[in-house]
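Chemist: In the order they appear, the protein sequences are chains H and L.
Sequential numbering of the first sequence, starting at 1, is according to the working numbering.
Sequential numbering of the second sequence, starting at 1, is according to the working numbering.
Keep in mind the hints are simulated off the structure, nothing from the lab.
C-beta: ideal position from N, C-alpha, C; glycine also.
Any given hint could turn out to be false.
What the hints assert, rightly or not - Examples of chain L residues toward chain H, derived with CB under 8 Å:
{"#": "1", "residue": "Met1"}
{"#": "2", "residue": "Leu3"}
{"#": "3", "residue": "Asn9"}
{"#": "4", "residue": "Arg58"}
{"#": "5", "residue": "Trp93"}
{"#": "6", "residue": "Thr112"}
{"#": "7", "residue": "Arg114"}
{"#": "8", "residue": "Arg133"}
{"#": "9", "residue": "Tyr183"}
{"#": "10", "residue": "Asp219"}
{"#": "11", "residue": "Thr250"}
{"#": "12", "residue": "Ala252"}
{"#": "13", "residue": "Pro253"}
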Amino acid sequence: MSVLSLRLAGPLQSWGASARFTRRTTESAPTKSAVIGLLAAAAGIERGDDASLEPLAALRFGVRIDQPGSRVRDFQTAHHSVSGKSMPLSERFYLADAVFVAAVEGDATLLSDLHAALRNPVYPPFLGRRSCPPAQPVDLGLHDGAASLMEVLGELPWQASGWYRRQHGNRPDIELTVLREACDDEGEFADTLRDQPVSYAAEHRRHALRTVVSDTVRVPGASAGRLPRHDPFDALQEGNV
Amino acid sequence: MFLTRFRVNTARPGARRLLSSPQVLHAAVMSSFPSLLPSNAPPPDGPRVLWRLDHTTRAEVMLYVVSPDRPDMTHLVEQAGWPAAATSSAPGWESRPYGPFLDRLSLGEQWTFRLTANPVHHIRRKADEPTKRTAHVTPVHQMGWLLQRQEQCGFRVLEKPADRRLLPGGTTHTGQPHHGDGYEFTVHDKRALSFDKSRGPAKAAGRKGAVSLVTVTFDGRLEVTDPEKLRRTLRQGIGKAKAYGCGLLTLAPLGAAG
Numbered sequence: 001m002s003v004l005s006l007r008l009a010g011p012l013q014s015w016g017a018s019a020r021f022t023r024r025t026t027e028s029a030p031t032k033s034a035v036i037g038l039l040a041a042a043a044g045i046e047r048g049d050d051a052s053l054e055p056l057a058a059l060r061f062g063v064r065i066d067q068p069g070s071r072v073r074d075f076q077t078a079h080h081s082v083s084g085k086s087m088p089l090s091e092r093f094y095l096a097d098a099v100f101v102a103a104v105e106g107d108a109t110l111l112s113d114l115h116a117a118l119r120n121p122v123y124p125p126f127l128g129r130r131s132c133p134p135a136q137p138v139d140l141g142l143h144d145g146a147a148s149l150m151e152v153l154g155e156l157p158w159q160a161s162g163w164y165r166r167q168h169g170n171r172p173d174i175e176l177t178v179l180r181e182a183c184d185d186e187g188e189f190a191d192t193l194r195d196q197p198v199s200y201a202a203e204h205r206r207h208a209l210r211t212v213v214s215d216t217v218r219v220p221g222a223s224a225g226r227l228p229r230h231d232p233f234d235a236l237q238e239g240n241v
Numbered sequence: 001m002f003l004t005r006f007r008v009n010t011a012r013p014g015a016r017r018l019l020s021s022p023q024v025l026h027a028a029v030m031s032s033f034p035s036l037l038p039s040n041a042p043p044p045d046g047p048r049v050l051w052r053l054d055h056t057t058r059a060e061v062m063l064y065v066v067s068p069d070r071p072d073m074t075h076l077v078e079q080a081g082w083p084a085a086a087t088s089s090a091p092g093w094e095s096r097p098y099g100p101f102l103d104r105l106s107l108g109e110q111w112t113f114r115l116t117a118n119p120v121h122h123i124r125r126k127a128d129e130p131t132k133r134t135a136h137v138t139p140v141h142q143m144g145w146l147l148q149r150q151e152q153c154g155f156r157v158l159e160k161p162a163d164r165r166l167l168p169g170g171t172t173h174t175g176q177p178h179h180g181d182g183y184e185f186t187v188h189d190k191r192a193l194s195f196d197k198s199r200g201p202a203k204a205a206g207r208k209g210a211v212s213l214v215t216v217t218f219d220g221r222l223e224v225t226d227p228e229k230l231r232r233t234l235r236q237g238i239g240k241a242k243a244y245g246c247g248l249l250t251l252a253p254l255g256a257a258g
């Protein structure tokens with residue numbers, strides 16, 4: 001069993017799970033279909049290729065909210081660039097200044113292939129919408145032989161930006177929310193979300209329901225991210241006065 | 001040679017005056033050496049007084065000084081230290097002989113380092129213009145500045161293993177060489193300082209006494225490639241603006257880094 005972790009950080013992100021027509025809403029955390037889509041794009045799987053998508057969609061998914069960000073509404077009055085005709089008025093919602101750590105758990109060979117693909121992607125990654133590029137490298141590393149997704153999410157350092165850590169993390173550790181898929185025995189208590197990718201075919205996208213369980217992990221707080229300790233006197237200890 | 005550490009008491013007005021201007025702190029540091037007269041021109045290639053301020057947190061500000069003579073920092077303790085806590089055995093600063101450590105440096109040793117420097121280059125904007133000294137502004141250029149100097153300074157910044165790099169090949173997608181994050185060091189704490197050399201209002205001084213500097217702090221790991229050159233670097237500093245707290249390189253054991 002392996003776990004592949006991703007850092008999803010950028011000025012704008014948008015993670016729609018139930019958005020239809022001209023009102024494009026966003027969830028408050030990345031959806032499974034977006035993250036699996038990002039991995040599939042990096043691996044070069046085409047939109048209609050449902051057979052290649054299947055092993056990716058079967059990965060167990062979880063996401064940690066490192067910095068929740070704030071919701072932004074964009075009232076869009078776009079015009080066609082060539083004809084100048086106005087496009088349908090639409091409302092688009094984004095998360096501004098958010099940072100998440102997403103993780104997928106599954107077969108070791110598949111994940112090491114995906115890790116290699118992320119470092120040399122066929123199609124570039126984006127955060128839920130093509131206009132939202134990531135601000136930092138998406139790859140956070142492959143954890144071979146990790147027991148579970150929760151263990152990895154509990155160990156990875158806090159990824160929030162400096163100003164956010166200074167405001168919220170003046171303690172030795174901080175509690176972060178994790179939204180993950182249910183284990184086998186807790187399925188009946190879980191929420192559901194329609195973002196389990198079945199097909200990304202342009203003419204007919206399909207998503208099934210998946211379970212969502214809200215959990216928390218404790219990770220080291222802001223003090224861990226400070227400057228390295230540096231005392232030149234450590235090197236002089238023997239040459240005492 | 002001596003290495004000296006002085007903790008600044010940032011709660012005192014005297015400390016704020018010292019920290020507000022590198023010119024004032026330069027004068028205060030130089031006054032710690034009774035045998036060093038202002039009329040003495042320093043030897044151009046000899047050891048000199050180097051200092052650095054480490055702002056770790058708001059209340060943890062350390063002044064490090066490397067000097068040929070043993071300093072007497074009584075005046076600094078009185079202005080910006082803890083004078084009532086000073087005893088004859090712990091006068092408020094710590095000085096240790098630096099020579100034995102320098103002599104022990106040998107080829108292939110690995111250390112963590114910290115350096116506050118003033119990375120500059122010389123440019124001209126038009127073909128017929130004389131060149132002028134200009135600060136490196138971006139972290140990429142600032143890191144490139146140190147990497148360019150590492151060989152002549154007698155050390156090598158350690159390289160990361162390929163699987164932890166952003167650019168494993170060391171080139172961008174267009175084939176341009178680029179250090180990416182291939183080295184075990186970071187650059188942080190960029191400060192754009194600007195202050196007046198002369199006393200009195202800035203207007204009266206005009207542009208003549210105005211100094212502007214960009215300083216950055218490097219933290220990382222290095223390997224000794226030439227002990228003799230590294231000793232020279234540790235005594236004499238790297239780069240420009242040495243009077244203003246730049247150029248002092250210090251080493252610490254690898255294991256001590258947090």
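Chemist: Each hint should be assessed against the structure and marked as holding or not.
Modeler: Consistency of the hints with the structure:
This hint is violated: Met1(L) has a C-beta 11 Å from the nearest C-beta of chain H, more than the 8 Å allowed. Interface hint status for Leu3(L): upheld, as the beta-carbon distance to the closest one in chain H is roughly 6 Å, under 8 Å. Using the Cβ-Cβ criterion of 8 Å, the hint placing Asn9(L) at the interface with chain H is not satisfied: the shortest such distance is roughly 19 Å. A hinted interface residue such as Arg58(L) counts as satisfied when its beta carbon comes closer than 8 Å to some beta carbon of chain H; here the least separation is about 11 Å, so the hint is violated.
Of the supplied interface hints, the one on Trp93(L) is violated, with its beta-carbon coming no nearer than about 12 Å to a beta-carbon of chain H, more than 8 Å. Among the interface hints, the one on Thr112(L) holds; its C-beta lies about 6 Å from the nearest C-beta in chain H, closer than the 8 Å criterion. Interface hint status for Arg114(L): upheld, as the beta-carbon distance to the closest one in chain H is roughly 5 Å, under 8 Å. Annotation: interface hint on Arg133(L) violated; nearest CB of chain H at approximately 29 Å, more than 8 Å.
A least Cβ separation of about 15 Å between Tyr183(L) and chain H goes past the 8 Å threshold, and the interface hint is therefore violated. Interface restraint check for Asp219(L): the shortest CB-CB distance to chain H comes to about 6 Å, inside 8 Å, so the restraint holds. For Thr250(L), the interface hint holds, since its Cβ comes within 8 Å of a Cβ in chain H; the closest pair sits about 4 Å apart. Because the smallest distance between the Cβ of Ala252(L) and any Cβ of chain H comes to about 5 Å, under 8 Å, the interface hint for this residue holds.
Checking Pro253(L) against chain H: minimum C-beta separation of about 5 Å stays under 8 Å; hint holds.
The earlier numbered hints that this structure contradicts are 1, 3, 4, 5, 8 and 9.
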